[in-house]
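Undergrad: Line by line, the protein sequences are chains A and B.
Per our numbering, numbering of the first sequence is gapless, rising by one per residue and ending at 616.
Per our numbering, numbering of the second sequence is gapless, rising by one per residue and ending at 50.
Source of the hints: derived by calculation from the structure; they are not laboratory data.
Predicted, not measured: the structure shown is a model, and the values here were computed from it.
C-beta atoms are modelled at their ideal positions from N, C-alpha and C, and glycine is treated no differently.
Incorrect hints may appear among the rest.
Quick list of simulated restraints, FRET-style, between CB atoms [to be verified]: (1) 234/A - 29/B: 38 to 46 Å; (2) 391/A - 13/B: 56 to 64 Å; (3) 18/B - 240/A: 26 to 34 Å; (4) 18/B - 262/A: 38 to 46 Å; (5) 5/B - 392/A: 37 to 45 Å; (6) 98/A - 14/B: 22 to 30 Å.
Calculated lysine-lysine pairs in the DSBU-like style (CA-CA distance at most 30 Å, straight line) [what the hints assert, rightly or not]: (7) 118/A - 72/A; (8) 118/A - 234/A; (9) 106/A - 17/B; (10) 610/A - 39/A; (11) 16/B - 203/A; (12) 16/B - 130/A; (13) 203/A - 72/A; (14) 17/B - 72/A; (15) 72/A - 16/B; (16) 16/B - 106/A; (17) 181/A - 17/B; (18) 72/A - 110/A; (19) 17/B - 130/A; (20) 610/A - 203/A; (21) 118/A - 39/A; (22) 39/A - 106/A; (23) 110/A - 16/B; (24) 598/A - 39/A; (25) 17/B - 203/A; (26) 39/A - 203/A.
Each chain, letter by letter, is given below.
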Amino acid sequence: MRILGLSAFYHDSAAALVVDGRVVAAAQEERFTRKKHDSGFPAQAIAYCLAEGGLTLDDIDHVAFYDKPFLKFERLLETYVAFAPRGFRSFRMAMPVWLREKLFQKDLIGRELKDIAANGFDPSGKLLFSEHHLSHAASAFYPSPFDEAAVLTMDGVGEWATTSVAHGRGNRLEVLKEIHFPHSLGLLYSAFTYYTGFKVNSGEYKLMGLAPYGEPRYVQRILDHLIDVKPDGSFRLDQRYFDYCTGLTMTNDRFARLFGQPARRPEDLLTPFHMDVAASIQAVTEEVVLRLARSLRRELGLPHLCLAGGVALNCVANGKLVEEGIFERVWIQPASGDAGGALGAALAAHYLDREQPRRVPNGLDAMDGAYLGPTYGTAEVERRLTAAGARFEVLDDEALLDATAEALADGRAVGWMQGRMEFGPRALGNRSILADPRSPAMQRTLNLRVKYRESFRPFAPSVLREDVVDWFALNTDSPYMLLTAGVRPDRRREMTADERSLFGIDKLNVPRSEIPAVTHVDYSARVQTVHRETNPRYHALLSRFKQRTGCPVLVNTSFNVRGEPIVCTPEDAFRCFMGTEIEVLVVGNCLLRKEAQDPGLAGDYKDAFELD
Amino acid sequence: MGFLGELWRFMAARKKFWLLPILLVLVLFGGLVVLSKGSAVAPFIYTVF
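Let the sequences and hints guide you as you build the complete structure.
TA: So this is what it looks like as structure tokens:
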């Protein structure tokens, strides 16, 4: 059974190929088109998935789309009716798009597939549509290492559902209950993302990164006015404070009056107020997630939990969930956003619609470490880099690891591109910029000279799985960088009274541990455990760095600049290398040093991408 | 016709036939916009005045 899963037309279009229940390939369209969060039809991602599986479109038994357009349209109409006559402007803008295009998605998908098929692909009878939250739930449960588990999905909104609870067992997955639009934890978080001046749908993780700088002073105000959270974690939002049902913004004047300040414009300064607001909404989000998890544990009595949906990318809330020990084990889909819906739709079609048997995966899970994207062989890398004008040396594996570990220990920023590209928003050691976490200046350097992004944003550590307990208050797998945990107290450096009185960003520059570049102001870190089984090469590099320095930890940040999709090809990597202050680039076995390159190839990279 | 059939079956399955008049109005106005290549209200105004 060969199933192609698709997500498209909203944000983060993607394709995934599932053959006999095995995830063969998955990739986001943005990586190919170089347009962040690309929402277009994922033609290039489909072409890649088919090539990876050695298939053509005619070999595909079913194409599964990740949500149901009619159901979404029903929600739109009912919402407009419920709020009429308010919302006319939004209605007037939305309807032409729907009547012209979105309502006819089935035809559109069929046409697009025909266009990319070699010899007249016939989509009739092959197209399946999965509900948005069922897609998320399927992406969370089926690749998980559990035969039976509770499944919790939370996001902005799909068709109607914004939060859903499901029970997975064997090849079955049953949605038990849902919370419906407009009551949404994801949209509440996005409302605060908007209010604090970040971009909705992409700036949420900035808000999360800002939270540790603040104090959660507004928690009670949020609970009293904005969200009514019940003991079981279910909730309702007071729509009088929000604008997303009827207007073109997330929050309204009443919301601004509640907090005493207008929404921050993106160019305005971040103040302690915004940090406190960020800390407050983060605390509320964690409380809702914990309550939901507790009630789920009580009601279903199952020891395992699977998570997906955009809210499951909130690694701070995930970290709290694991720390609380409500469930014995928690597994989180690495592509928890809408891109992962493509994979979920394919898996739902395979197991639920086609009723295929499921074998619980051995080892970590069935995601192959999320390394599901394109890879480039040595000869191809050399050919492509030569064509791009790069000057490089080709080293054997041992020499390459030595040279890279040495460069890292010398404090250089290294672009590291190896093997298959990751699926999901995180770079996990195959499309990463790596650096020495022991350097107190590294965080600032990477933010301002390599990534060109806001200086308040923290970096995440990769650590050898076998060493994680020696460095972090964590003793579980976190292969997808979806859990935060504290740096171990004995690795911390207590701040002096003067340092403690520093504020915000200045506090970030105070070395707070043996690995300051990855230690946030609250001593937390977003940990990725690196496993020999899923990424032997990255594991070997970390081991080599440990041999040299005694430290089994590296800074791991995605290989891109602000606003740019993570690099996909050797050419993308070379361009990013030349346009930034990355000093060494390693692609496969090719090693490039900045000083050896033709300076004429360094373009204006910083402004090449629209800021996110 | 396939699309209309699907839409009909969708409304039947969801018991949402009350959406039908809204859809008809939308399609009517949509059609008028296309035909008049301007405001959807314009044809009515010209008839009235």
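Undergrad: Against each hint, give a clear statement of whether it holds in the structure.
TA: Comparing the hints with the structure gives:
Checking the proposed 38 to 46 Å range against residue 234/A and residue 29/B shows it holds: the Cβ atoms sit about 44 Å from each other. Taking 56 to 64 Å as the suggested C-beta distance range, the pair residue 391/A and residue 13/B conforms, at roughly 58 Å. Our hint of 26 to 34 Å for residue 18/B and residue 240/A holds, since their Cβ atoms are close to 28 Å apart. Between residue 18/B and residue 262/A the CB atoms are about 40 Å apart, so this pair conforms to the stated range of 38 to 46 Å.
Take residue 5/B and residue 392/A: their Cβ atoms lie about 52 Å apart, and the range 37 to 45 Å is violated. Our hint of 22 to 30 Å for residue 98/A and residue 14/B holds, since their Cβ atoms are close to 24 Å apart. Between the alpha carbons of residue 118/A and residue 72/A the distance comes to roughly 21 Å, so the proposed pair stays at or under 30 Å and holds. In summary, the hint linking residue 118/A to residue 234/A is not supported, as the alpha carbons are separated by about 49 Å, beyond the 30 Å threshold.
At roughly 19 Å between alpha-carbon atoms, residue 106/A and residue 17/B fall within 30 Å of each other, so this suggested pair holds. About 15 Å separates the Cα atoms of residue 610/A and residue 39/A, which keeps this hinted pair within 30 Å; it holds. Of the supplied pair hints, the one linking residue 16/B and residue 203/A is violated, its CA atoms being roughly 38 Å apart against a limit of 30 Å. Proximity of residue 16/B to residue 130/A is assessed by CA-CA distance (about 26 Å); at most 30 Å being required, the pair is judged to hold.
Distance check on the hinted pair: residue 203/A and residue 72/A sit about 26 Å apart at the alpha-carbon level, within 30 Å; holds. For a cut-off of 30 Å, the pair hint linking residue 17/B to residue 72/A stands: about 16 Å separates their Cα positions. With a C-alpha separation of about 16 Å, the suggested pairing of residue 72/A with residue 16/B holds against the 30 Å cut-off. Of the pairs offered as hints, the one joining residue 16/B and residue 106/A holds, with about 22 Å between alpha carbons and a cut-off of 30 Å not exceeded.
A C-alpha spacing of about 21 Å is found between residue 181/A and residue 17/B, which places the hinted pair at or below 30 Å, so the restraint holds. For the proposed pair residue 72/A and residue 110/A, the alpha carbon gap of about 10 Å is at most 30 Å, so the pair holds. For a cut-off of 30 Å, the pair hint linking residue 17/B to residue 130/A stands: about 27 Å separates their Cα positions. Taken as a hint, the residue 610/A and residue 203/A pair is honoured in the structure, with Cα atoms around 19 Å apart against an allowance of 30 Å.
A distance of roughly 24 Å separates the Cα atoms of residue 118/A and residue 39/A; the hinted pair therefore holds under the 30 Å criterion. Under the criterion of a C-alpha separation no larger than 30 Å, the hint pairing residue 39/A with residue 106/A is consistent with the structure, at around 21 Å. Restraint check for residue 110/A and residue 16/B: satisfied, since their Cα atoms lie roughly 22 Å apart, inside the 30 Å limit. With a C-alpha separation of about 26 Å, the suggested pairing of residue 598/A with residue 39/A holds against the 30 Å cut-off.
This hinted pair does not check out: residue 17/B and residue 203/A have alpha carbons roughly 35 Å apart, beyond 30 Å. Our distance criterion of 30 Å between C-alpha atoms is met by residue 39/A and residue 203/A, whose separation comes to about 16 Å.
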